[in-house]
Amino acid sequence: MDLSTRRDSPLMRLILDPVNILLMILLGVLFYLVLWPFLELVLHTITWGDGDRRLSRDAVPGEYTWFHWLQVTASPLSERMLYAPLVNTMITGVISTVIALIVGGGLAWCVIRSDMPGKGWLQPILTLPYIVPSFAIALAWETVFRSPKVGGQPGLYETVLGVAPPEWLSYGTFPISITLAMHYFPFAYLLVAGALATIDSQMEEGALLSGASRMMILRRITFPVVAPAFAAAFVLTFGKTIGQFALPFLLGAPTQFHTIATMVYANLALGLDSMAYVLAILLILMSLLAIWASNKFVGNNARRFETISGKGFRSRQVALGGWRWPIFWSVAMFGFVVGILPLILLGYQSLMLIDGFFNLSNLTMHFWTGQSDPEIAMGEPGVLHNANILGATWNTIELAFFSAVIASLIGLIIAYIVVRKDGNPLAKMLDQIAFIPFLFPTIAFGAMYLTMFAEPRGPIPALYGTFTLLVLISVVNRLPYSVKTGVTAVTQIGRELEEAAEVAGASWGRRFRKIIVPLASSGVVTGMMVSFVGVMRELSLIILLITPSTRVLMTVGFNYAEEGLTQLSNALVLIVAMLTIAGELILWWAGKSKLVRLREKHS
Amino acid sequence: MASIEIENLTKRYGAMTALDNVSLKIESGEFLVLLGPSGCGKTTLLRCLAGLETPDEGEIYMDGELVFSSKLNRIVPPGKRNLGMVFQSYALWPHMTVRDNVKFGLDVLNLSESDSKNRLDQVLKDLGMSDLQNRYPSELSGGQQQRVALARLLATKPPVFLMDEPLSNLDARLRMDMRVELKKFQASTGSTTVYVTHDQTEAMTMSTRVVVMRGGQIQQVSPPSQLYKRPENTFVADFIGMPRINLIQVNQSDGKNRLYSNGDIDIDIGWDEAPSSIVVGARPEDLKIWKKKLEHSPICEVSSVLPNGPETIIQLTKGKTILLARIGHEIDVHEGEKVTVQFDQKALNVYDAKSGVLLGPPIDADRTN
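Protein chains in written order, with this note's numbering: chain A, 1 to 603; chain B, 1001 to 1369.
Please keep in mind that the hints were generated in silico from the structure rather than gathered at the bench. Hints are supplied without guarantee of correctness; some may be wrong.
[Unchecked claim] Taking CB as the label site, the calculated pair distances span:
#	chain 1	residue 1	chain 2	residue 2	range
1	A	Phe438	B	Gly1064	51 to 61 Å
2	B	Asp1131	A	Met429	43 to 53 Å
3	A	Phe467	B	Thr1054	44 to 54 Å
4	A	Leu11	B	Ser1114	34 to 44 Å
5	B	Thr1054	A	Phe438	28 to 38 Å
6	B	Asp1344	A	Trp508	55 to 65 Å
[Stated by the list, open to error] Calculated cross-link-like contacts (lysine-lysine; reagent style DSS-like; alpha-carbon spacing at most 27 Å):
#	chain 1	residue 1	chain 2	residue 2
7	A	Lys514	B	Lys1125
8	B	Lys1080	A	Lys421
9	B	Lys1117	B	Lys1071
10	B	Lys1117	B	Lys1183
11	B	Lys1025	B	Lys1229
12	A	Lys514	B	Lys1318
13	A	Lys514	B	Lys1183
14	A	Lys514	B	Lys1117
15	B	Lys1229	B	Lys1183
16	A	Lys421	B	Lys1117
17	A	Lys514	B	Lys1103
18	B	Lys1318	B	Lys1346
19	B	Lys1103	B	Lys1183
20	A	Lys296	A	Lys484
[Unchecked claim] On the chain A side, residues computed to face chain B include the following (Cβ under 8 Å):
#	residue
21	Gly494
22	Ala500
23	Glu502
24	Ile515
25	Pro518
Using N, Cα and C, we set each Cβ at its ideal position, and we do this for glycine too.
Take the sequences, apply the hints, and build the full model.
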């Protein structure tokens, strides 16, 4: 058999097919970056570590043990380590989710189904709290309700009213629940709005004709139809709140109020790695349970509640009548308070020479433009002269850029394999593994990479402390989203477009470059921008992996907040908030002027 | 330019057999149409020829060269098979201009800049697309898009053209024009063409030979006129022709070999030896209508009259038997009228009722007439 015949044999073609090669490589890489770290994390919790000798005399480094699990779940420490934080996590999670859902659902109805005025510009304002880092809302809350009982300067509340706010208003369950709700209601809003937009108003008109009142229609028709979306939104929002780290840490830690997520961080800070990892695993299990419940509920009911029939679909808006303007003003006020006021407060506070004194003579540009002054803020220079901050800004942009580009490209390749090798079990597996990072609460994910890359392992050096590790975890964390974006984009590209190039003799690489990438680009670039913004405001994912040389704006801001340098941390968070808002504005603008040409004739 | 030989080709998708042991020889320069209802395997066969599908068994030769063999483990990839293809959706790349769409294939061939330019200009001119070459596909009408797809095919001058229902997205009038044009280009290049369609008019008007497929098997391979006059089995007879052929199942009457009947209609096929049960196929135009009585001819009631310009289709009923007849518009019949129906014996086809296979015309024309 001559060489060309051998190259044309089916087996060799299967092996040499670039798509199959990529499939195998990606499977290997994702296995190593997604599944293996989880196994490492689990193994770490059931093995005696070197540092465990100070905890127990029985410790034999390297041997298996249930010690850490027992310490966490059934020891005198458990109450403070696990059960109290667990209760706190559940309570703040449930309260904030319920509020977020009621507020988000109500707003969604006003925007999608009613004739409320000013929707066009209210909508972006209402999504602001979700766009800015959750941490910004916590800082803004502190600015108002900080209590000197805990230390530090008084907040706006005390300055105005003359009395210190009660502690429950400053720290613990109440502020954490409220600020979490403030951060997540736009998320619930988007989920419910999506469901509401699919309701055919003929269903409601039918009820109207039979003489039902507006309230009755809402209660008996509209709400039951969106119920599954509500349920899914509840579980997803709850799943997100329990993984939140920075916000509960800022508003809880001063009074020893902990959630599971903050406990992971606190334990790591104390050097109790294995305990922290046990808690991280518990957090992952909670998240898995939530996602599973959401899938179960929506999966079972999806068909029954299918609302788009494809025929005669109409969406008529409900007239609010005399309530039109009152509702508008309420929504606008609300949007201002949750979306814009926190940013104004942060900005104002970053201009105060002495924190907590709200009169004009106290205003200074020092924290933005000042040089180092040993009298102020332990000699930290203002933002524009602070090498620490400028380095962090550069790192942030670099990290967000590389992560977004790499995640989008890999996401597109995975999406291509998943769509084109539909039915191939390995491709399906690749799809599923790429989705798994979605299930990991970000702080737990960070903990995994900490165990995984703290020491060199085989050919892979100890990546802890490197910029590469930050890019790696950010890319893997963004994969579930970028694959989804990629799948949407690739599905729109008809198979024949590629076959036409194949018949013309174009190699796979050429087809991917010349046909797939240009056609998928509009969707993928949008996804890239979303990732860019997402990575930029990420804190809990990387907080455990950051070292001084790899600092980013969010972690520097967090450190300043921990050290009580409120003005600087506010300034930093404000910068991140502005960057993310700018990113969202670009996205919004790009979405409006999208090339229509590429959207047509794809099939 | 290139002949194609297909030997014992089989393609399965799970439990479904899309191609079942198909063998076919396509002559060089031929315009061969693959015709059949949807799901018959015609597109699968075309895609196997293109190399876009990998058959499970069999061999394919193109221009004498083995491009696929299950036994020798040989698969030549699509780009190396020297062929061009027009897809049903045209598959024009929406992000490239008309010119870039056509140029893509030339780029892959690594032609010199001037060669490539000359060929591009020529083919765009031939198709009357020169003025539109900088437009994007979405800025073109359906017919213009079709021309771009054709230009893309012609630019690389492949010896084999594969076309997958290329006209099905056009409106009826445009389709007529494009048929003529396609045929013209095929004739001028002399390329061997394999053309898939489910439209029998298209198949009849354009092809040198038609392959009728069903359930992954070839039912008949004939020139179009033969296909219409002598369908080789009841499936082909029923599939070809609009309005459809009259298939009348009749059984041998007691004792008499030559006379068959279904209770309503008696037919004498004039054979000495034939199976006891047969199906007689009569095209609607092979039924003659008389207002007078004729011997040995059944009298039917006109149950429906459907005038259609130059011709009129009438439905005739006798007992449980329903027949369709195509008559000239000059004959005036009314619903409820009784008429005599006469079969054109020479045009009839007789099939075995069990197997559906053609036995022959009732009276061998050469022998008796």
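Which numbered hints turn out to be false for this structure? Hints 9, 12, 13 and 16 not satisfied by this model.
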